[in-house]
Amino acid sequence: MNAGSDALRVFRENLRLAPGRIAAAAFRTGVPHTDRSRSTFVFGNVFLHLHSVRTHRWSLRWATTAGLGIATLAAFLITLVTGVLLMFYYKPYPDAAYLSMKDIHFVVPTGRFIRNIHRWAANAMVVTVILHMARTFYTAAYRAPREFNWLIGMALLAVTLGLSFTGYLLPWDQLAYWAITIGANIAQSPREVTDALGVTEVFDPGGLQRLLLLGSDTVGEEALVRFYLLHVMLLPLVAAALMAVHFWRIRKDGGLAKPADVDRRLPAADGTYPVFTEAPQKTYHLAAIVRGRTPAVGHGPEQTVPSMPHLFYAELAVFMLTVFACTALALVSDAPLKELANPLVPENPAKAPWYFLGLQELVAFSAFMGGIGIPAVVLVGLGLIPFLDREEAGTGEWCGGPGGWPLVRRSALIGLASAIAVEAFIIRFGWLREWFPTIPQLVITAVNPGTVLTAIYAGYSMWLVRRYNSTRAGALGLFTCFLGGFLVLTVVGTYFRGPNWQFFWSPADWPLH
Amino acid sequence: MASLDRNKWLLLASSVGVLVLLVVAAVRENVLLEWRQVQAEVRLDGQPVPVHLRQVVNQTLGVADRCVSCHVSMAPGEQNATGPAQRSHPNVVHDPADFGCTACHGGQGRATLKDDAHGTVHFWPEPMLPVRSTEAGCGTCHATAGIPRREVLDGWSATFERLDCRACHRMDGRGGTIRPDGGGMEGPDLTRVGLTGYRADWHDAHITRAAADTAAPWRTSWRSVSEADRADVERFLATRVAMPSLVSAKSTFFASGCLGCHKVSGVGGDDGPDLTRAGEKDPGRADFAAVAGDRTLDNWFDQHTRTPTSVVVGSQMPALRLTDREVDDLTLFTLSLRRRDVPGSYLPRDRMRVSRFAEREFASDGATVFGAFCAGCHGRDGLGLRAAGVATFPSVANPDFLAVAPDALLSETIRRGRPGRRMRAWSDDTGVRAADIAAIVAYLRTAAATPAPIDSKPARWVQGDPAEGGRLFERTCAGCHGPKGEGLDAPALNNPVLQAAATDTFFVETIARGRRGTGMVGFAESSPIHPTLTRADIESIVSFIRTWGVQP
Chain A
1 MNAGSDALRV FRENLRLAPG RIAAAAFRTG VPHTDRSRST FVFGNVFLHL
51 HSVRTHRWSL RWATTAGLGI ATLAAFLITL VTGVLLMFYY KPYPDAAYLS
101 MKDIHFVVPT GRFIRNIHRW AANAMVVTVI LHMARTFYTA AYRAPREFNW
151 LIGMALLAVT LGLSFTGYLL PWDQLAYWAI TIGANIAQSP REVTDALGVT
201 EVFDPGGLQR LLLLGSDTVG EEALVRFYLL HVMLLPLVAA ALMAVHFWRI
251 RKDGGLAKPA DVDRRLPAAD GTYPVFTEAP QKTYHLAAIV RGRTPAVGHG
301 PEQTVPSMPH LFYAELAVFM LTVFACTALA LVSDAPLKEL ANPLVPENPA
351 KAPWYFLGLQ ELVAFSAFMG GIGIPAVVLV GLGLIPFLDR EEAGTGEWCG
401 GPGGWPLVRR SALIGLASAI AVEAFIIRFG WLREWFPTIP QLVITAVNPG
451 TVLTAIYAGY SMWLVRRYNS TRAGALGLFT CFLGGFLVLT VVGTYFRGPN
501 WQFFWSPADW PLH
Chain B
514 MASLDRNKWL LLASSVGVLV LLVVAAVREN VLLEWRQVQA EVRLDGQPVP
564 VHLRQVVNQT LGVADRCVSC HVSMAPGEQN ATGPAQRSHP NVVHDPADFG
614 CTACHGGQGR ATLKDDAHGT VHFWPEPMLP VRSTEAGCGT CHATAGIPRR
664 EVLDGWSATF ERLDCRACHR MDGRGGTIRP DGGGMEGPDL TRVGLTGYRA
714 DWHDAHITRA AADTAAPWRT SWRSVSEADR ADVERFLATR VAMPSLVSAK
764 STFFASGCLG CHKVSGVGGD DGPDLTRAGE KDPGRADFAA VAGDRTLDNW
814 FDQHTRTPTS VVVGSQMPAL RLTDREVDDL TLFTLSLRRR DVPGSYLPRD
864 RMRVSRFAER EFASDGATVF GAFCAGCHGR DGLGLRAAGV ATFPSVANPD
914 FLAVAPDALL SETIRRGRPG RRMRAWSDDT GVRAADIAAI VAYLRTAAAT
964 PAPIDSKPAR WVQGDPAEGG RLFERTCAGC HGPKGEGLDA PALNNPVLQA
1014 AATDTFFVET IARGRRGTGM VGFAESSPIH PTLTRADIES IVSFIRTWGV
1064 QP
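Protein chains in written order, with this note's numbering: chain A, 1 to 513; chain B, 514 to 1065.
Hints may be right or wrong, so weigh each one.
[To be verified] Listed below are the simulated DSS-like cross-link pairs for lysine-lysine, each with C-alpha atoms no more than 27 angstroms apart in a straight line:
id	chain 1	residue 1	chain 2	residue 2
1	A	K91	B	K627
2	B	K794	B	K627
3	A	K338	B	K627
[To be verified] What the simulated footprint calls covered on chain A by chain B, stretch by stretch (three residues with Cβ under 8 angstroms from a Cβ of chain B suffice, anywhere in the stretch; the number is not a length):
id	segment
4	91 to 104
5	109 to 122
6	305 to 313
7	321 to 332
[Stated by the list, open to error] Some chain A residues near chain B, calculated using beta-carbon distances under 8 angstroms:
id	residue
8	R12
9	E13
10	L60
11	L316
12	A317
13	L337
The hints are simulated quantities; they were obtained by calculation from the structure and are not laboratory data. Just so it is clear, CB atoms sit at the ideal spot from N, CA and C, and this is done for glycine as well.
Okay, chain B solo, but in the shape it has when bound:
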């Protein structure tokens, strides 16, 4: 019967079809796997290795990394495997056989296909870190306490170079080479010396040894080290924790004032986004519309650091004038801001010190604190910043300013901020401590070589005529400072914190002497281009200015 035949043919055709599909699937899913083909070409001591799925499992870290199915030479016990793309893992503290791969490198450990495993696919939020940014992976678990700002770290490093320590010591992959005149490789590798520590009497020991040893480096490179240089070297050694790029990136971060607007682990301002876990940002959710090049987080941070407003429309972040190396550093640092929930036994000491014992990642000296919090707006040298579209950030290192501003004015301004302006109050919740404020003030004084003014007068002593002062103010000052002292091009004078913290002497002397490098001229000096004010005039103006302030 016709319909029976049709149905039989249909059954035959679809059954054969299903059979073919099943065979195709069986071959594709079991035989034609990428890692099987890779393993087929791997040799261990000249013998083929058994082809099977390899993985590193660490239950505590929640790691099941099948990366070693292709990267066989990184699998435990198979480090000597050779073959296409087989390379053994560099010797690091963390044995990949124990930690797995993804804990440091990111990527998708469970995946067994290249693109999936490297995380460069849709819907995998954590692609592998690019090789040049590998040290960002350290930031997943490790913190570093007491990193100074870039200039300081570079100074220490330069001392270390100048003393020619690398003649004998290898550090971060450089130095300690064999020399033609004999010797070299005399001293231990110092790459991890910040973790392992060293003899406290190293200097005396070197002197003793130098007297006895005749090897070439002792004669050509060693000489005794001054007390100051020794201090620099010792502080430099404390930062050598086997992640030189990341430490250097951190020091750049602490020199660029990013904490002025961004919080990292609860420290910093809050004008910008919290960066604590910025390195975990999912590139699949980032806007690459205005980013040229790869769709990687690395590239996104790079271009955003260079020109923030073109990458994020409406961004308030000024374009900081950075060198390429600084951009690379900041990118690496931002990528390192990642976290993984690890059990306490895996929490490294440095992270413990930072997260549980309130140590900070940046050093507490004035230069570093200023660099970390203030340099973004006031400039690295404190000379202020002019950027298109934002109000001028004042030069706080101006010697004319520092010569008349008492320390109390500086520290009060930092502590309480300038309400209504970008300058926020650096209260405890920003992580800036009272000691930090004192350190910043001391740093400014030292850097500008300008001691605090000596002022025997009380804070309020001016007894001028406010009415007369008002007339003078309108004629002389209102053009820049605004008729109500609200500040136009020049700073606002009616700001409550300024009114409370500034002494009358500060006002009088600033008006009389002016401030070089700004539009503020010295009105006590005679000049053809501005009116000359007498001391009485100035005091009247100050009395008038004081009518805006609340009495202390």
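So that you can see chain A by itself, here it is in the shape it has in the complex:
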């Protein structure tokens, strides 16, 4: 026996223990068995510590959120991964871009499948982000102290639409080219007003917007490079930063919104017990600087469970479900790729991405109102809701507040019916331009189907505020109406508009040329 062989023995022993030690070094807590080790597991991890250590049982009910926020995040992560894979082959230059799409489709192993997943996840993200916003609204979760998170959520909605829209151009096919042309024209729509006022020469915000978007007068290589940069770098970074804040704020704002009488609503269940039965880790010094209601002092039965594993299994389940949905859709439905973009052969009808078709439906009458005016009013209105609705009744409940579910049902009916009525009217009878060909555009800008619909909704909402003596009731009605209107306009724009934006029951009836 000498020192050398001893060192070798130690070396072998260390080698044997290395995997366990690597795991221990990474996770620090070992396998979490007790509530205490579960807690340290969560706040000792840079990703998990965005969650609170314990989660309220109310938040874990499927009906509370339907997992929509996590589904949105999942869709984002899926697009992130598949997007990075696509970037290995994609060449952001006109014509070459199209050829690289063809190569991805035909030659890159599973390239088509990955592109399909990317496309479906992107669409799923738009859908879930809208549904997530609706969930937040209908459960009145935007109320204090979560007002600012509501605003961040709106920013994320805008970034999501931006991500999807910028990705639309990248295949550089006819569909992409003309959809972006339409989008750029919507950006230019303030010209309608400046033209009518005759000040476009000196004051042209519309032209500037379009120029900033395209980097040129037409959709070309500048626009493609610009969209590419926005799509793969700028917007994902912004989205990631905003998401981090969004999630962190959930914790800081006291978790998900809960009804005031949540304890009564939640039946007692096995496994709930007063918290802090073990030695409390939290000092009240720290609690003193946390805003809002501080934990578990003077409350009834403790309803929280450790986030690890309860919350994380729920989140993982939603994540995998989203992956499953996107993968399944990707297997059965290919992402579209039309002919190479050709500026000389306009698509007719040229349609924007589906989530903008509601706006395009309005743009047909007034580009300014459809493209800027009404969206701006809607966004400002949405942003102001948490600051106008300072009521308390109904927080954390679906369709909570005065009026409740019957009001939402009636509002949905009114929202859908008036949008369908307005659409039916303009399809059957036309609008001012058809009746008075010489009418000034400013009149149509002020009075068009979009503004009429908005006025109907606003009037109905005001009536609700008086009827129920509640801002929340008005907001519930207005939000529902706008959702209904968005749905009707989008469906009409997607399925019932053909060449020259004329109405057709089916694409089979479209005339050629």
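Dock chain B against chain A, hints included.
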């Protein structure tokens, strides 16, 4: 806890689901590929070939053709591969290993699925050319200078046949066969002789050889060729550029007068659409509502050529009375009107001559120029055309007309047209040159065997009484020519170009002698069915007609 269990089950189910989907996708996208299965059955010298994606890449032409992933036997170095659907490429000048496939055949070279590759899918504007129209692909790059109209080309071809040149020479896949009495295959293949050229003293060389050689064909098939036949044969050889169907289709096009309404590469009229790139039309954007059969461009052109108005509503194009073979020819020609941007080094000489040195694809003789520009309306033989719904196109080959019409009237009418009528001015921007107009006039004279009239009188010599002429005109002429000479059933007499170009003698003689085959009778002859006019009457009428014209 119940909710934890539910979430765990959900996680398990969706994870397993994702796993299954990924495995399915991996198999489908990597293993079950059509071309892998095709290649698995291919044998090269009895051995299986390695299964991998094959392609022909030509950066200069912008070609990346994966067609050879299935058509392995057309891949470079694997021409001897055998297997289902494996066939080697016919021996052509352009090696597919260099040019790829799509440059000639169309289709989607980057695709690796059959329907996508053959281009018969939505959103691919350039499907493969059907095999019978393969030569249309030549038109992508190649032009041919100096193709005559069909009748002329057929004449040359007939001379070539009559002289029995094919006894020894193979051409376009025919002739030069081994004969039972020995010999055959004596001469070189003439399929590409228009490109490669031949000995200028070929005739003398044949005579010398015939004297020395005793092989059978020299005795039975060869005899010396007359000067005129030799000229025909030599002109025929110049058109043999390895694309016989396309050359023949072009000659039909130049006999059918399509250029009267359509422009091709800047030459032609503009009543109809410009056809310069008609062969690139995207079948996905064509209207097949009234087209029976396949949704192919081929079929669309075929039916449109037969009955234009039923395929394109409101079309002004008359239904030309064409034989099936002519329809096939015109379809092939239209399909050949395609272009690909190729670098100068790939631009063939024939295209260079046509696009850079102002040579024309059609021959410049009168018959061909008339066939190319005029035959559509005036008929191939110049005898005019009556079609439903359009004004009658006059017979310009009418001997009675040519006997009284001076050459200046013909050429001025061609040069300046008939304002207000279908006959346009054939000015320089239509590609018709002054020499062409002279050639057309000469052709009409030769074809109708009617020389130009000899007229010693000045253009304006009639001194009749316009007032008396007006009364006579109203009674005798206005019924057909209209009270103001605006032309009803008969031609308009107040047309400024006619007034300027026609001589008084032309008017007087036409009225006196009439024009057989039309409603115009000779008014100087006595007849029970029309009034007889004296020379003085006729001159009065001409004086009256002249009141509509501007003085020259």
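Worksheet item: the segment 305 to 313 of chain A covered by chain B? Criterion: 3 or more residues, Cβ-Cβ distance below 8 angstroms.
Response: holds (count 4)
Practice prompt. Let me know if the C-beta of A/A317 comes in closer than 8 angstroms to any C-beta of chain B, holds or violated.
Written response: This hint holds: A/A317 lies near chain B, its Cβ roughly 4 angstroms from the closest one there, short of 8 angstroms.
Worksheet item: Can the restraint linking A/K338 and B/K627 be considered satisfied, given a maximum Cα separation of 27 angstroms?
Response: Distance ~18 angstroms between A/K338 and B/K627 Cα, so the pair holds.
Practice prompt. Can you take a look at whether the segment 91 to 104 of chain A is actually covered by chain B? Rule is 3+ residues, C-beta closer than 8 angstroms.
Written response: With 3 residues closer than 8 angstroms to chain B, the segment 91 to 104 of chain A meets the three-residue bar; holds.
Fill in: Annotated coverage of the segment 109 to 122 of chain A by chain B, confirmed only when three residues or more have a Cβ within 8 angstroms
The restraint on the segment 109 to 122 of chain A holds, since 4 of its residues have a Cβ under 8 angstroms from chain B and three suffice.
Fill in: Straight-line alpha-carbon gap B/K794 to B/K627, limit 27 angstroms
OK: B/K794 and B/K627 at ~22 angstroms, within 27 angstroms.
Discussion item. Quick check on A/L337 please, does its C-beta sit within 8 angstroms of some C-beta on chain B?
Written reply: Cβ of A/L337 sits 7 angstroms from chain B, so the hint holds.
Practice prompt. Given the hint that A/K91 pairs with B/K627, test it: the Cα-Cα distance must not exceed 27 angstroms.
Written response: Answer holds: A/K91 to B/K627 is near 26 angstroms, not above 27 angstroms.
Fill in: Hint check: 8 angstroms Cβ-Cβ cutoff, A/E13 to chain B
37 angstroms, violated
Fill in: Hint status (Cβ of A/L60 to nearest Cβ of chain B, threshold 8 angstroms)
With Cβ-Cβ at 5 angstroms, under 8 angstroms, it holds.
Worksheet item: Once the shortest beta carbon distance from A/L316 to chain B is found, is it less than 8 angstroms?
Response: Since the shortest Cβ distance to chain B is 5 angstroms, the answer is holds.
Worksheet entry | Closest C-beta approach of A/R12 to chain B relative to 8 angstroms, hint status | 37 angstroms, violated
Hint compliance for this structure: hints 8 and 9 are broken, all remaining hints hold.
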